[in-house]
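Chemist: What follows is the residue order along each chain.
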Amino acid sequence: MTLEIGPIVGLLLTLFIYSYVVYKETILFKFATFTFLGVSIGNILVVATKTIQTGVLGKISQGEYIYTVPLILGLFVFTRLTEKYKDLSRWGIAILLGSTIGLVIARDTHTHFRSLSGMITQVISANTPLGYLNGIILIFGAIAVILYFQFTSYWDKPFFKQLRNVSRVFLMIGFGAQFGATVLTRLSTLTARILFILQTLGIA
Amino acid sequence: MSGIIKSREIVLGLTLLCAIIMAVNYYVSVQVISTTASTIVSWGVIISAFSVILGAIITIRFHLGRIQKKRGDWLWSIWLIISIIVVYTIGITFTATSYIYQWIIINVLSGLSETVYSLVGLFAITAAYRSFRIRNTDAGILFAVATIVIIGQNIPIGEMISPVIPAFAKWILDYPNVAANTAVVMAELVVATAYSIRLLIGRERGA
Amino acid sequence: MFKTYLTVPLLLLLSYIIATLAGAELTKRGRLKPTLRRLPAIDAIEEAVNRSTEMGRPVHYTVGFGGGRGVNEPGLIPGLGILQNVATLCARNNIPLIHTCGFGELMPIADEAIREGAVLSGNPEWYRPEYNRFISQEVYSYALGVVNIIENEKPGASFLIGNVWGEALIITEPAAAQGIMQVSGCRTFSAMPFLIASCDYVLILSEMYNVSAYYTKDEMLVGSYLGTDTAQLITVILLILGFVLALSGQDLFKILTKW
Amino acid sequence: MVKEIDRRIIIGISMIIIAIPYIFPFPLPMKIQQSTRDAWDNMEIVPDGSTILFAIDVGLSSLAEMKGGLVVLGKYFIERQFKIVIVSFYSDGPVIFSSYFEPILNKAGYKLGEDWVNLGYISGVGVAYQSIATDIRSVVQTDYYGNQIDSLPIMKNINDASDFPIVVTIDAYNSVRDFIKYWGTPFGVPIVGFPTGTCYMVYYSDYALGLCEGLTNGVKGIAEFEFITNYPGTATAGIGAITVANLLLIFFVLLGNIIYFRDRSKKVNKI
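Line by line, the protein sequences are chains A, B, C and D.
Take 1 as the starting number for the first sequence in our numbering and just add one per residue.
Take 1 as the starting number for the second sequence in our numbering and just add one per residue.
Take 1 as the starting number for the third sequence in our numbering and just add one per residue.
Take 1 as the starting number for the fourth sequence in our numbering and just add one per residue.
Simulated from the structure, these hints should not be mistaken for lab results.
Not one of these hints is a red herring.
Pairs of lysine-lysine residues, derived as DSSO-like cross-links and limited to a Cα-Cα distance of at most 30 Å, are as follows:
1) C:Lys33 / A:Lys161
2) C:Lys154 / A:Lys30
3) D:Lys111 / D:Lys83
4) B:Lys70 / C:Lys154
5) A:Lys161 / C:Lys28
6) C:Lys254 / C:Lys3
7) D:Lys267 / C:Lys154
8) A:Lys84 / B:Lys70
9) A:Lys30 / B:Lys70
10) D:Lys111 / D:Lys156
Take a look, some chain C residues computed to stay more than 12 Å from chain A by CB distance:
11) Arg29
12) Met55
13) Arg57
14) Ile98
15) Asp111
16) Leu120
17) Asn123
18) Pro124
19) Glu125
20) Arg133
21) Lys154
From the three backbone atoms N, C-alpha and C, an ideal C-beta is built for every residue, glycine too.
Extracted from the complex, chain A is given alone in its bound form (with noise of 0.2 Å):
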């Protein structure tokens, strides 16, 4: 019974969906959109309590009271909720904000140091002058790109404003692949959708 079930419920709901398409906010339109946001945080709160269901209590109850310390940290988060005690919200933030970029600049400037490594060795590596040639393409679109990001006139001299309509150029390349790949995933998610209701009603 419920096996039939689940996908009219499924098609209908992406019918109210599609709606909007042919009429605007429609009052189906809205039923979905608000029942999707409903069953969205409704889930978001199920899975929150289960981390903190088997993260703290569980390990509180087991003798670990060490971890009343990030509880009440995590609690001091709800007092955002109020006028008078939001700032101490902070302190847990604080220490999440912190642990992040320590953790993030860190890494990422080894991160960093690997890629400048990674187009070194693509040069090195080249043994024909066509590799030579994509080794220089390589090196001299990275330099145009990062110069291209000058904030002040400092060091900005009049080369690096003729540099800026080649480092455009790379840019835009970059920006055209990108186009293609997320073209790729909007348009998959759609042509699923309409398998979705073809297989629904039975025709494909």
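Start from chain A and add chains B, C and D according to the hints.
Modeler: Below, chains B, C and D without anything else, positioned relative to chain A:
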């Protein structure tokens, strides 16, 4: 008491301390530091779970306010609150792995999010006709490259016409595209580092 | 103990940090006097607002949804900075501004930015709370809500600057089809091509910071950007050195790792 | 100005055209791209029966594109008898796992605790990647179903990144790049990513510069992977429609611009 609560220095100091411990831990291998670092990390995981809940509560509070003042789409807000409560109750009482919860996820949540997402696909097609204009050289290069990448890499049409097209698309991806992409990441990294530093010394407007 | 293979990455990081701090400090003390580059987009923003004034239509501004990551996202801050300036321009020309919000947390912060912009223009009476509108907490219903506003209220100019992901296309498409002048910008590489394809002026990635800082004229901020520029030059020099050595068959980065 | 064709007409026509290949399928050639080949090669060199990390970092909204990838990876892992440690850094992960991936494992007779374990969702983005890389037990002590992980045989000798010969991630957010930062760069663990098309291009430079070992290009890459592993599925079936949709988009861009430039040149002539 309220002095301690509001003290910006304590918060900044805590942020800076955590940042330094995490960064130093990456460069050295000392037992004490790595234990401290992994404790901080596990605390961070817990605190972030609470902030996820905070986000949900802020939304719920907003809609409750609308219901109270009967403003805007307040009837829809009631529906929203009802659906949150229903899903949450089912998820907690029957657990997230139960059949009924899975049914809701597969047929309602998954179906709706795929559909809403696929609207962007529809908009991409209308936008292609109505608003993607080759106004200048920049847009011209962008569309030329996009066409080559689509035909050469994303769909098998390119190789049906000539094997040169996929090879050319791959060359574009491998050299000019990688140059631009990597350089952007590097430039962004430097900007982000500066931003983090300003945040750590308390000179950036943050929320 | 210290992981020796990380010496150079560490030095690289330290050089970035020192460059930022030194740039900020020296500018504050007045030793260096850097100025920010004036990008064509700054003129474009003014032109868009002026054109809207001539047509007697409101200006629309939104900072995007950005995956719903809330107000702590770095991309949002320059977006709000530019919002404040657009509010100043609107208040000066006395035309309405519509700011659309994707999540509740943003409302008070955006409100403050608009109000401050009005004060800076010398026309604080211009401010109205209804200029700031909440749309929806879900990304695509937010985007479609913005589309409705663009199609029904027909603004003379539309800005999408801030933290933009997949919603970029939906928001810019109807405005472009109606011929509304658009200026946009974001930090997301994958949203950029759609902005370039359908907007009149685009702030490419970090250029957004440049424009935002241009308006604030905070010495310390400008100084730290001088540090950023210097740090970019360090990367460029490393690449050039590596390339020159590579031509003679040596791998600079291998040498540095062993060092 | 472009003569306004109603959005509804454009969309209606497009949907009908896209539906055609599903109703009347036609064959298309399949050429394997180098990045997909690399992804496969890197998984092939892992010995049969190894314990691997599989990260499910797609949201429900991207599932339409990535569902095929989940299925084919499941079948491939079973063929190679890999023991699978599943983790999610995105909140939809556990739900997707139990709805779409677990049935495949159950069907093949994989046993919870012996052949696979689901560590569930770990919040905190970068912090979470780091915690799993250095000490799994500091953040996870029970699996998604509440079993103590120390009681599960599969987790016996597993506690950090160096215990895994490979990481496979199916990804719609930033997972591949985060794995590079927190796993690849410090620990040298090979990373194979199955990202969406959008993310593929973002990570392509990392792949080209050797920071990650293999990548597939969205649904096209999954179709290629289905072809290599010989498990044709939804991605292969969808290629026809995707080809048509992409061509349609290019056609509309060209048409729109031709009309635009024609109208503009007419205006110029009048002046």
